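**Q** Input sequences plus hints: build the corresponding full structure.
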Amino acid sequence: MRSYLPDYELVTPANLSEALALLARQPGAWKPFAGGTDLMVLLEAGKLPHKKFFSLWHLEELKDIAVADDAVVLGALTTYTEVLNHPVLQKEFPLLCQAARQTGGVATQNRGTLGGNIANASPAADSSPALLVYDAELELVSARGTRSLPYHRFHLGYKVMDLQPDELIRAIRLPRVHKPRVQYYRKVGTRRAQAISKVVFAGVAEMAGGGVRDVRIALGSVAPTVLRCGQTEEAVRGQRIDSQTIKRAQAALAGEIAPIDDIRSTRRYRRQVSLRLLADFLQRCAGSVQG
Amino acid sequence: MPEDGRKVTVTCKVNGLERTLRVYPLARLLDVLREELHLTGTKEGCGEGECGACSVLLNGQLANSCLIPALQADKAEIATIEGLASPDCLHEVQQAFIEAGGAQCGICTPGMIVAAVNLLARIPQPTEGEIRFGLAGNLCRCTGYMKIFQAVVRACRRQRERVSA
Amino acid sequence: MPRVIGQPVPRKEARDKVTGQARYVDDLSFPGMLRGVTVRSTCPRARIKKIHFDASIPWDEFVIVTAKDIPGKNCVTLLLEDQPCLADTVINHPEEPVVLLAHADKYLLEEARRAVWIEVEPLPAVLTLEDSLARKEIIWGADNVLKAIHLEKGNVDEVWSQADFIVEGEYETGAQEQLYIEPNGMVAVANPQEGVTVWGSMQCPYYVHRALVPLFGLPENKVRVIQVETGGGFGGKEEYPSMIAAHAALLAWKSGRPVKIVYDRAEDMAATTKRHPSRTRHRTAVSKEGRLLGMEIEFVLDGGAYATLSAVVLSRGTIHAAGPYLCPNVRVRSRAMATNTPPQGAFRGFGAPQSTFALERHLNKVAQAVGLPPEELRRRNFLREGETTATGQVIREKVALADLLARALELSDYHAKLKRFAAENATRQEKKGIGFATFMHGAGFTGSGEKYLASVVGVEATPEGRVRILTASTEIGQGTNTILCQIAAETLGLELERVEMAAPDTAAVPNSGPTVASRTCMIVGKLVESAALALKQTLEGSGFLPRQYSQQEFGEACRRYMEKFGPLRTYSQYQLPPEIQWDEENYKGDAYGAYAWAAYVAEVTVDSLTCEVRVDDFVAVQEVGRVVNPVLAAGQIEGGVAQGIGYALYENVVWQEGRMMNNQMTNYIMPTSMDVPRIRVYFEEIPYARGPAGAKGLGELPLDGTAPAIANAIENATGVAVDRLPVLPEHLLDLLEASRA
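Residue numbers (the numbering used here), protein chains in the order written: chain A, 1 to 291; chain B, 1 to 165; chain C, 1 to 741.
Derived from the structure by calculation, the hints contain no laboratory data.
These numbers come from a predicted model, not from an experiment.
Among the clues, some could well be false.
[To be verified] Between beta-carbon pairs, the in silico distance windows are:
#1 E657/C to E161/B: 55 to 63 Å
#2 D7/A to R333/C: 54 to 62 Å
#3 E657/C to R144/A: 45 to 53 Å
#4 K47/A to R6/B: 17 to 25 Å
#5 P546/C to I123/B: 52 to 60 Å
#6 P463/C to V153/B: 41 to 49 Å
#7 S148/A to I123/B: 33 to 41 Å
#8 R6/B to P71/C: 56 to 64 Å
#9 P58/C to R6/B: 14 to 22 Å
#10 D7/A to N59/B: 27 to 35 Å
#11 E161/B to H415/C: 39 to 47 Å
#12 I123/B to D69/A: 30 to 38 Å
[Unchecked claim] The list that follows gives simulated cross-link-like pairs (lysine to aspartate or glutamate, EDC-like), each with its CA atoms no further than 16 Å apart:
#13 K7/B to E267/C
#14 K51/A to E111/C
#15 K47/A to E267/C
#16 K106/C to E61/C
#17 K106/C to E119/C
Each residue gets a CB set at the ideal place from its N, CA and C atoms; glycine is no exception.
**A** Printed below as a string of structure tokens:
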């Protein structure tokens with residue numbers, strides 16, 4: 001333990017409104033602490049500069065997966081284990097379940113939460129690309145009230161978020177789509193389990209009339225934030241998938257991503273694999289039309 | 001430097017015994033178990049939730065105790081390797097690890113056994129894929145995992161025999 | 001009648017391990033114990049100007065030790081005396097220990113560690129093998145060469161003109177971290193009255209003892225070293241524990257209180273030894289029939305900043321460089337070079353995995369050049385009984401390599417798969433491949449090593465009528481406790497429960513040599529066998545033990561003997577068998593008493609989108625003499641293969657300015673339960689005359705052949721030659737794109 005533990009505080013608000021009141025009293029002074037799978041690692045390494053935290057883990061208002069006709073709403077404290085065991089998510093949002101299944105091991109899946117993962121704002125987050133292609137919306141709460149924000153507008157830069165110091169992520173809303181879609185997820189990690197991603201690719205497409213009617217593409221680990229790739233989507237939307245479309249889409253993607261060299265992989269590898277996974281996704285889309 | 005100022009009282013049940021502790025709120029559950037309660041069967045291999053040597057059951061769920069702040073263990077039920085067996089009767093999984101050669105250096109073994117017990121509680125008859133997935137958060141550098149898989153298979157065969165008997 | 005040898009008896013300490021009762025170093029606590037930490041250098045090479053202690057810390061509460069506090073000689077005594085225990089005037093690598101601190105509060109201790117600043121004047125550093133070879137700076141000795149070896153057989157200079165083919169190749173391997181799951185640690189009690197006692201995680205109690213004696217300037221009987229349960233070693237706890245023991249003891253000496261130092265994972269990975277990175281160049285002359293005519297090999301290791309064990313790692317790597325093949329003309333020139341990185345050290349295989357990787361890759365290239373299948377090329381060159389190795393050692397045992405290879409190929413369905421994969425790969429995104437390696441590993445210390453070690457093992461009767469083995473050979477997970485007890489039980493005709501191990505405590509057990517070099521079973525086990533035999537003969541000679549005896553009669557005989565004569569203890573010391581001759585000067589003769597032989601086959605899938613490689617099946621066939629315990633032996637091979645898979649595909653040390661940058665388990669990637677295939681292990685048993693009940697050594701063997709088998713399989717799947725370890729997807733992607741261009 002490289003941190004000086006006596007300097008750190010963790011308090012337990014009784015309920016959500018008490019937590020929000022704590023945030024409102026001194027915005028920025030207290031930070032939320034969910035399952036601890038990221039913050040405890042930093043604490044151990046002596047790399048947790050902030051010292052005052054409040055625990056969310058027991059707050060019932062942030063738990064529960066609610067299924068409505070138009071959307072599934074996941075409380076911010078929904079764990080990966082809860083995600084991957086949920087029948088509606090398995091059926092309608094398989095990419096999120098795949099991401100959850102490939103995050104850490106069982107113990108991490110029991111403690112890691114969707115809200116915590118979003119707020120940790122890692123560009124390598126496994127579930128974020130899935131949330132992006134499902135058009136997730138965040139429900140943000142503060143003592144001032146509640147606002148809703150499309151998830152793709154949430155991450156503004158490396159660890160910079162559209163989240164006020166007095167706000168908490170309360171829930172993640174996934175709109176339900178009952179049309180058939182091609183769904184594609186691929187995590188390229190350092191190994192087959194307990195891995196941090198080198199590239200994460202998620203894609204969802206609705207095919208019609210031999211072409212792509214609508215499409216969502218998002219990647220992780222290739223930019224300062226997880227990335228919804230609007231220009232790449234634009235290059236594909238309304239198109240028939242052939243080698244020309246794939247080339248155009250790849251060119252667009254190459255312009256959107258900004259991968260780097262780090263201890264886990266290289267810029268070059270991330271770029272090439274991103275382009276290859278895009279082509280693979282688009283070929284699957286084309287295959288679904290023929291099949 | 002504050003002496004005890006920021007310490008909090010945490011009450012939890014460890015291996016069935018009620019415990020009340022004065023600890024720093026962000027103290028790692030791992031350190032609380034090892035240093036305050038002298039339950040040294042739970043091991044530290046990495047301190048970052050990667051190796052699983054510190055696995056315990058927290059309210060029945062598998063958890064890396066190095067990543068659990070003590071305050072979040074308040075009112076919880078915790079089971080460690082020491083709670084699995086009575087002095088004269090081993091848990092089926094422990095017995096299977098002995099027979100199959102699932103333990104070599106032994107440092108990952110307590111965590112691995114806790115994870116295996118948790119796996120069999122969730123999935124009584126796991127496939128090989130489910131065993132691999134269920135233990136993927138517990139790293140072993142000695143065995144290459146083969147004898148660990150065999151131990152789990154052996155243990156669930158025993159469980160099945162016991163239940164049907 | 002053999003009853004215990006060959007049986008899959010459970011390990012002796014299994015119950016303690018599965019219940020969490022086994023006590024490792026971090027589980028120890030003493031009244032009044034302090035915690036210790038090490039303040040380390042951050043730069044690769046510098047002169048120390050001043051050490052600053054920030055005023056924010058109550059330093060008067062701390063025990064502070066620098067080089068000036070060392071009572072004796074400031075060095076970690078091992079082979080050469082070049083490595084200081086604490087850097088005094090110069091720093092030669094990042095993570096070099098400079099200051100030691102102790103305090104009862106472990107949290108405050110970390111604050112204090114951050115508050116020490118070592119002011120330095122940087123010196124130019126050598127960070128790569130190439131720069132060291134080019135003598136960009138001289139950082140060690142006269143020429144940066146930690147050790148050079150020259151091995152000659154026949155006359156390689158004359159073969160090139162007769163060769164039908166000359167094949168060249170260059171091969172590289174990276175550093176590999178041992179990654180035992182228990183980090184290093186020591187507890188020390190030390191004062192001028194009682195001397196120094198340390199308890200800790202280690203492989204070699206007498207290495208630690210040898211280092212502490214001159215450090216404190218104490219007589220040998222004032223230093224006591226006790227190994228406690230050790231959570232894996234793999235070579236990583238061969239030499240560095242001496243450093244940590246020294247540090248804990250220095251803090252204890254100065255404070256007068258017990259001191260515990262246990263590294264966290266980040267410190268353990270950054271500061272302690274790893275497998276030596278290597279570069280090997282091959283030039284091979286071969287006839288059109290595929291006979292090896294001449295091999296010229298240049299083998300270079302990166303040893304890091306100090307000599308540590310590099311000379312002996314280089315030696316084993318050199319001797320294994322020409323492999324289990326008959327070649328009349330061989331030259332190996334080897335060098336271990338100094339760089340300003342933390343010293344590299346022992347790791348299971350000890351130089352042989354590096355040179356074996358190079359050779360087993362290279363022979364596939366040779367086979368291609370000659371136009372033979374790789375298995376046929378090897379078959380035509382396998383060493384046979386009566387033939388000589390590269391050092392001129394005449395092999396006096398049956399070499400079953402051709403049989404081992406045939407069996408491995410059959411078990412893996414090699415030929416059918418080769419055909420099927422070739423047909424299917426053309427249309428598949430996932431390319432499958434199969435490959436193999438054939439290899440050997442010498443058991444015991446190299447050359448005259450065992451003669452100089454002159455190891456001793458004792459066996460004593462206990463008042464309860466049991467037998468206790470006295471040895472400094474340690475249990476580190478590999479099964480020492482169990483197999484040595486099996487050997488003694490077999491020799492004495494006793495039930496296994498009647499034989500126990502004494503704790504490895506230098507005050508109580510003789511020096512049986514280090515627990516390394518695949519020597520515990522073959523060398524130490526043989527000493528156990530002969531000491532046990534001597535005990536039996538003593539009992540028989542005393543008249544208390546009948547020719548045929550029951551368990552009870554044996555116990556009774558011990559009791560009666562001890563009543564009449566006092567303690568019953570017999571010892572056995574290693575004697576070099578007369579047929580073993582070694583010329584260290586010219587690197588000629590019997591390099592090892594015996595070799596284990598093996599053929600490994602790997603089947604892989606390469607995802608051509610991501611270039612990720614998965615091992616789908618693994619067959620390991622070996623001949624290791626008599627197998628003492630089939631479950632433990634298979635466990636050794638399976639674990640070694642898994643480490644070899646890591647070495648081949650995942651385990652990459654990222655260096656920057658001589659420092660390891662990925663010193664976390666999250667970023668240094670070892671295989672999980674999802675990353676290993678089914679590992680299928682088979683033993684052929686040809687008893688070795690000088691091994692206990694016919695056993696040889698096997699612990700290191702699996703590290704030698706796993707990585708080249710996988711690399712050969714990747715070549716089969718993709719058509720590109722992978723000559724560098726680890727085969728990361730990043731590297732493979734570049735190779736595949738280059739091959740297409």
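**Q** None of the hints should be skipped; say for each whether it holds.
**A** Structure-based check of each hint:
1. Taking the beta carbon of each, E657/C and E161/B are about 59 Å apart, inside 55 to 63 Å as hinted.
2. Between D7/A and R333/C the C-beta distance comes to about 57 Å, which sits within the given range of 54 to 62 Å.
3. Taking 45 to 53 Å as the suggested C-beta distance range, the pair E657/C and R144/A conforms, at roughly 49 Å.
4. Range check, K47/A to R6/B: about 20 Å between beta-carbon atoms, so the 17 to 25 Å window is met.
5. Range check, P546/C to I123/B: about 57 Å between beta-carbon atoms, so the 52 to 60 Å window is met.
6. At roughly 43 Å, the beta carbons of P463/C and V153/B sit within the given window of 41 to 49 Å.
7. Taken as a hint, the range 33 to 41 Å holds for the pair S148/A and I123/B, whose Cβ atoms sit roughly 38 Å apart.
8. Between R6/B and P71/C the Cβ separation comes to about 41 Å, which falls outside the hinted range of 56 to 64 Å.
9. Take P58/C and R6/B: their Cβ atoms lie about 19 Å apart, and the range 14 to 22 Å holds.
10. The hinted range of 27 to 35 Å is satisfied by D7/A and N59/B, whose Cβ atoms lie roughly 29 Å apart.
11. A hinted range of 39 to 47 Å for the beta carbons of E161/B and H415/C is consistent with their spacing of about 42 Å.
12. For I123/B and D69/A, the hinted distance range of 30 to 38 Å is satisfied, since their beta carbons lie about 33 Å from each other.
13. In summary, the hint linking K7/B to E267/C is not supported, as the alpha carbons are separated by about 28 Å, beyond the 16 Å threshold.
14. Of the supplied pair hints, the one linking K51/A and E111/C holds, its CA atoms being roughly 15 Å apart against a limit of 16 Å.
15. Pair hint K47/A plus E267/C holds up; C-alpha atoms about 15 Å apart against a cutoff of 16 Å.
16. Taking the CA atoms of K106/C and E61/C, the gap is near 13 Å; set against the 16 Å cutoff, the hint holds.
17. Between K106/C and E119/C, the direct Cα distance comes to roughly 25 Å. Violation of the 16 Å bound is thereby established for this hinted pair.
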